[in-house]
Amino acid sequence: MKYSYTWLKELSGTKKSPKQLAELLTMRSFEFENIKTEGKETQLEFSILPNRGHDALSHIGMAREICALERRKFSQTSPFHLETKFPSGMEVKITDKKLCPRYIGAVLENIKVTASPKWMQERLVVCGIKPINNIVDITNYVMLEAGQPLHAFDAKKIYQIPDTKYQILIRRAKKNEEIKLLDEKIYKLTENNLVIADFKKALALAGVMGGFESSINSKTTSIILESANFNSTSIRKTRALHSIITESSHRFERDIDPNLAETAMARAIILIKEIGGKNIEVTALSDVYPKKAKPWQIKLDTNYANSLLGEKIPISKMKNILENLGIKLLGNLVSKLNVEVPTYRIDLKTQEDLIEEIGRIYGYENIKEQAPCVEIKTPPQNAKRDFENKLRDILVGLGFSEVMNYSFYGAEDVAKCNLKIEDHIEVANPLSSEQQYLRRNLISGLLKNIRLNLKNFSEVQIFEIGEKFCNDKEKFSEIPLLVGALANDDAKKSPFFKLKGMFQELLQKTGIRNAEYKALNEEYKFWHPTRAAQIIINGKKIGRIGEISPIVLKNYGIKRRVAVFGLKIEELIKIGAQDKQYNSISKFPTVERDISMFVGKETKYADIVSNIQKNGGNLVKNVELFDVFEKEGEKSLALRIKIGSNSKTLTSGEIDAVMEKIVSSLEKNLKVKVRK
Amino acid sequence: MDKEKIISIKSKFLIEITKAQSEKELYDIKVKYAGRNGELTKILKNLKNLPAEKRKEIGPLANQARQVIEKTYEKRRKELGSQIDWEKEKIDVTIPGEKASRGSLHPITLVYREIEKIFSSMGFEVVEGPELETDWYNFTSLNFPLDHPARDMQDTFWIKSPKEKMVLRTHTSPVQVRYMEKQKPPFRIIVPGRVYRNEATDAAHEHTLHQFEALVVGDDINVGHFKYIAKEFFSAFFGKNINIRLRPSFFPFTEPSFEFDISCTVCGGKKCPSCKNSGWLEIGGAGMVNQNVFVSAGYLRNRYQGFAWGFGIERLAMMKYKIDDIRWFESGDLRFIKQF
Numbered sequence: 063m064k065y066s067y068t069w070l071k072e073l074s075g076t077k078k079s080p081k082q083l084a085e086l087l088t089m090r091s092f093e094f095e096n097i098k099t100e101g102k103e104t105q106l107e108f109s110i111l112p113n114r115g116h117d118a119l120s121h122i123g124m125a126r127e128i129c130a131l132e133r134r135k136f137s138q139t140s141p142f143h144l145e146t147k148f149p150s151g152m153e154v155k156i157t158d159k160k161l162c163p164r165y166i167g168a169v170l171e172n173i174k175v176t177a178s179p180k181w182m183q184e185r186l187v188v189c190g191i192k193p194i195n196n197i198v199d200i201t202n203y204v205m206l207e208a209g210q211p212l213h214a215f216d217a218k219k220i221y222q223i224p225d226t227k228y229q230i231l232i233r234r235a236k237k238n239e240e241i242k243l244l245d246e247k248i249y250k251l252t253e254n255n256l257v258i259a260d261f262k263k264a265l266a267l268a269g270v271m272g273g274f275e276s277s278i279n280s281k282t283t284s285i286i287l288e289s290a291n292f293n294s295t296s297i298r299k300t301r302a303l304h305s306i307i308t309e310s311s312h313r314f315e316r317d318i319d320p321n322l323a324e325t326a327m328a329r330a331i332i333l334i335k336e337i338g339g340k341n342i343e344v345t346a347l348s349d350v351y352p353k354k355a356k357p358w359q360i361k362l363d364t365n366y367a368n369s370l371l372g373e374k375i376p377i378s379k380m381k382n383i384l385e386n387l388g389i390k391l392l393g394n395l396v397s398k399l400n401v402e403v404p405t406y407r408i409d410l411k412t413q414e415d416l417i418e419e420i421g422r423i424y425g426y427e428n429i430k431e432q433a434p435c436v437e438i439k440t441p442p443q444n445a446k447r448d449f450e451n452k453l454r455d456i457l458v459g460l461g462f463s464e465v466m467n468y469s470f471y472g473a474e475d476v477a478k479c480n481l482k483i484e485d486h487i488e489v490a491n492p493l494s495s496e497q498q499y500l501r502r503n504l505i506s507g508l509l510k511n512i513r514l515n516l517k518n519f520s521e522v523q524i525f526e527i528g529e530k531f532c533n534d535k536e537k538f539s540e541i542p543l544l545v546g547a548l549a550n551d552d553a554k555k556s557p558f559f560k561l562k563g564m565f566q567e568l569l570q571k572t573g574i575r576n577a578e579y580k581a582l583n584e585e586y587k588f589w590h591p592t593r594a595a596q597i598i599i600n601g602k603k604i605g606r607i608g609e610i611s612p613i614v615l616k617n618y619g620i621k622r623r624v625a626v627f628g629l630k631i632e633e634l635i636k637i638g639a640q641d642k643q644y645n646s647i648s649k650f651p652t653v654e655r656d657i658s659m660f661v662g663k664e665t666k667y668a669d670i671v672s673n674i675q676k677n678g679g680n681l682v683k684n685v686e687l688f689d690v691f692e693k694e695g696e697k698s699l700a701l702r703i704k705i706g707s708n709s710k711t712l713t714s715g716e717i718d719a720v721m722e723k724i725v726s727s728l729e730k731n732l733k734v735k736v737r738k
Numbered sequence: 056m057d058k059e060k061i062i063s064i065k066s067k068f069l070i071e072i073t074k075a076q077s078e079k080e081l082y083d084i085k086v087k088y089a090g091r092n093g094e095l096t097k098i099l100k101n102l103k104n105l106p107a108e109k110r111k112e113i114g115p116l117a118n119q120a121r122q123v124i125e126k127t128y129e130k131r132r133k134e135l136g137s138q139i140d141w142e143k144e145k146i147d148v149t150i151p152g153e154k155a156s157r158g159s160l161h162p163i164t165l166v167y168r169e170i171e172k173i174f175s176s177m178g179f180e181v182v183e184g185p186e187l188e189t190d191w192y193n194f195t196s197l198n199f200p201l202d203h204p205a206r207d208m209q210d211t212f213w214i215k216s217p218k219e220k221m222v223l224r225t226h227t228s229p230v231q232v233r234y235m236e237k238q239k240p241p242f243r244i245i246v247p248g249r250v251y252r253n254e255a256t257d258a259a260h261e262h263t264l265h266q267f268e269a270l271v272v273g274d275d276i277n278v279g280h281f282k283y284i285a286k287e288f289f290s291a292f293f294g295k296n297i298n299i300r301l302r303p304s305f306f307p308f309t310e311p312s313f314e315f316d317i318s319c320t321v322c323g324g325k326k327c328p329s330c331k332n333s334g335w336l337e338i339g340g341a342g343m344v345n346q347n348v349f350v351s352a353g354y355l356r357n358r359y360q361g362f363a364w365g366f367g368i369e370r371l372a373m374m375k376y377k378i379d380d381i382r383w384f385e386s387g388d389l390r391f392i393k394q395f
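From first to last, the protein sequence lines are chains A and B.
Each residue of the first sequence is one higher than the last, beginning at 63 in the numbering used here.
Each residue of the second sequence is one higher than the last, beginning at 56 in the numbering used here.
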């Protein structure tokens, strides 16, 4: 809120300069935002914390705060009260007392609408409010002074019951009831909106904005002045529904002390009489206030206060701080204080609330740093986070860079990746349609990264560790994934085997040595139907590896082939690293024998290797593929087999025998043609 | 006659060997005289056929010649072996090395690691929680009243959910209640994680952010303890002495609540453009855990005391690496990431 420095000075009696005041309040109460000097006036802007709107969004509230900070009591020269002898030519009916705890209406006659005096206009301007006319300006002035929003209706525009009585109804709006407000826009209301109405129509959207029809103009001669209290939740919902924020709604949704309505009404009547002339008369007044707000008591344990703050503040000092805030001391039993909180401090409900008041006014900078006395123990490790960090380090060593992408994407991405909208979790209030759904895969993000980075790099090798969000028939889940991607520098070459090599290295380094790869061989989501596999460890599917379908790549405008692997991190942790065990290194020599062969297109390398291992037994130390090519529909593989024994040097006869066994089994069982 | 022959073999060998330019030539010369069929070998082999007197005379002579040949050969071989044409070997060492494939960690990961290292050394446990959260854990359990302006402080992404009201968590604080439901004090934890705020992005604002939260609960944890740990942490993180300043604030889940500032990392508090001439940098929020939060987690009211504090990782990373635009973090642009 924007405050007038001279007004604050007048009310609080502070001798501090605007800058000193800004500094003091920032450290003890509210953050200083801005300072501006206009003519003789200085504007000070502070951002008032949401729990202090009910008292500090006013000059009196702020002056009380300044006095408390300067260690003295705030004394209002003349607190305003309503006389009780007003005539009752007006009826106020509240149909929902929960939404309107108090309503004071007053009829004032012989009004002459003119400009307000210059001093008042100046104060409004410095507080950021445009002067309009004397009546409206007075309502705004009282709001700035006391924090209570007021409203004035042109009485002539309000339906008067023939026996000259005014009737004001505070009721819920009818469904689709329409009202034109002061901003000259027509609003369609709902039954949750509270309106001020006469017998016939709605006059104002309660606590938010007045109606256009009944507004004050130069011809107004009599007014109905309103000083009321409305339920904060209801105001908040109404202003949110219609997206209107006004000075009034801003205050009401922060909760206001209903006792303030009376002070403000009294003050406004005095000002109207003072400014508008002696002929002005209050011809009727009605105050409906069924459940009077009363001060409440809190018991404060001063030992607890010091324990929580970590200081030794004397009880006398605490008492002093509380009293300067207007809190009454009812007595104390040794270290326990019994206090009474005035109704204008709605935020003070618990003893911790009081401890905060003591702490901030005592000064947080006066609280000494102290090392906590805690048990020294090593904290339990976070296995997931440690594992993720291990994956990150290995991947970076293999040349991958880490990216982080948004958790959102749009329907377009869902379609581009061949996914289904209904499997997605939807954001109710997305920033844009491109961010309407929670990602169900990390791959679309990585594909976008690849497209971007291929502009600057010939090869892109990236990974992300992040959550995917699933909606499986309205069952929501969140699954941490690791996804790595590789785009080659050559559009024709498949990046699959390069990626797979790195992936195998990743598993090896994490201590997992028994992964199997099962060809996918079907169209599935964004995968290449004939160049992708499921990754299976101990019979459990933990992810996939493969090329991305060229159609999907085209959708993303990528002109290279891209290979990707994706793993469920938690599954991987469950499998765990196999314990490393040393295998004795043979003292006897091994020999290498090469075999090249033609195999059918459907023959799998994995089958060839297991066949060799089965037939060669433990004499086969290693099998390695060193060449692959395809010619006239036939695949040619060249393998290097290491043969040796742990117990002796093999003779060439023995080696030949093993090789022969291997070759004949390959020819017989897998129908390969070994080139001799 | 043999005597002369031996002397001649020796001198011929010594002359030839000086001319040899490679180890192979050298070897051939040695073989010619001292190999299996070499001239000197023949003489040595024939010794046994000589009369004893002659053998006494020739024998030592021939053996001595053989030793000379062997020794000279070895010496010469070593000389030849260490003779390299250094000029021919010469390379331009200023040419850059072959490109090694190198990956980079995301700067957010780097900052997280540093923070976690410091807190782990102070005995904090690292705890995580879900990003898709219920309204209860994100707001209600943390003492946010329903339809209260406090909920506006954090622009929220709401989820279309058939059952429970759900959100993308707006802070890491839901993990406070999740953790306390399962654990009893005393404890000290840190909670790293991704959070979401429904606000438009620009150089200083992001809707997807990374946060860090610390929670310490025990019988007598107080504001002074918070100040101490915050000072320890930031001094370790920035590698210099950092001061902490608390200002009043409001958060539903803490009471009292603070904004906390650290002394400017550039000027140390002397006032400079980096701290807008205030000497302080605004870092995050903190406070003493509201008793209502303990009650949400199932603890008895006023049985424990604790503090909670949180701050944004992006802000720390931007300060540490002098990054000028927050949108780089989620850009996926390797021109950015490869710098780390």
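Because the hints were derived from the structure by calculation, they are not lab data.
Don't take each hint at face value.
What the hints assert, rightly or not - Here are the simulated distance ranges between beta carbons: (1) A:N195 <-> B:R382: 25 to 35 Å; (2) B:P217 <-> A:E240: 28 to 38 Å; (3) B:K375 <-> A:V690: 40 to 50 Å; (4) A:K666 <-> B:P217: 27 to 37 Å; (5) A:A639 <-> B:K172: 43 to 53 Å.
By construction, the Cβ of each residue, glycine as well, lies at the ideal position given by its N, Cα and C atoms.
Hint by hint, here is what the structure shows:
For the pair N195 (chain A) and R382 (chain B), the beta carbons lie near 48 Å from each other, so the given range of 25 to 35 Å is not met. Hint check: P217 (chain B) to E240 (chain A), Cβ distance near 34 Å, so the stated range 28 to 38 Å holds. The hinted range of 40 to 50 Å is satisfied by K375 (chain B) and V690 (chain A), whose Cβ atoms lie roughly 48 Å apart. At roughly 45 Å, the beta-carbon separation of K666 (chain A) and P217 (chain B) lies outside the given 27 to 37 Å, and the hint is violated.
Between A639 (chain A) and K172 (chain B) the beta carbons are some 23 Å apart, a value that contradicts the proposed interval 43 to 53 Å.
The earlier numbered hints that this structure contradicts are 1, 4 and 5.
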